[in-house]
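Residue numbering for the sequence shown follows numbering that gives the first Met the number 0, starting at 0 and increasing by one per position.
No wet-lab data here; the hints were simulated from the structure. Keep in mind the model is a prediction, meaning the values are calculated, not measured. One or more hints might be untrue.
Simulated crosslink set (SDA-like; lysine to any residue; CA at most 20 Å straight-line) [to be verified]:
(1) LYS55 <-> GLY89
(2) LYS21 <-> VAL32
(3) LYS55 <-> LYS21
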Amino acid sequence: MQSPVIDSLINQIIAAQGNKEKLLPLGRALDRVLTWNYYMLPMWYMAEDRLAWWDKFSQPAVRPVYSLGIDTWWYDVNKATKLPSARQQGE
0 MQSPVIDSLI
10 NQIIAAQGNK
20 EKLLPLGRAL
30 DRVLTWNYYM
40 LPMWYMAEDR
50 LAWWDKFSQP
60 AVRPVYSLGI
70 DTWWYDVNKA
80 TKLPSARQQG
90 E
């Protein structure tokens with residue numbers, strides 16, 4: 000983003016370090032300028048979530064719609080006892 004107004008406000012804020020009487024209105028002005036605009040930050044996007052886990056947890060049959068549901072998993076003793084042999088077999 001290129002904005003001479005924002006650049007000027009930032010330079011004034013840097014110069015006013017230690018002076019609360021100047022910093023407060025400058026900070027408010029910078030806040031107004033930044034919140035008045037709309038910004039888009041282009042980023043890479045992947046529609047799927049990737050998750051790796053050990054097969055020693057169980058999940059409820061009905062999972063949350065908009066969540067991975069990790070907070071609903073529990074440690075399953077039966078699966079955990081099978082894990083060492085499965086690892087040896089490369090599963």
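Q) What are the numbers of the hints that this structure violates, sorted from low to high? A) 3
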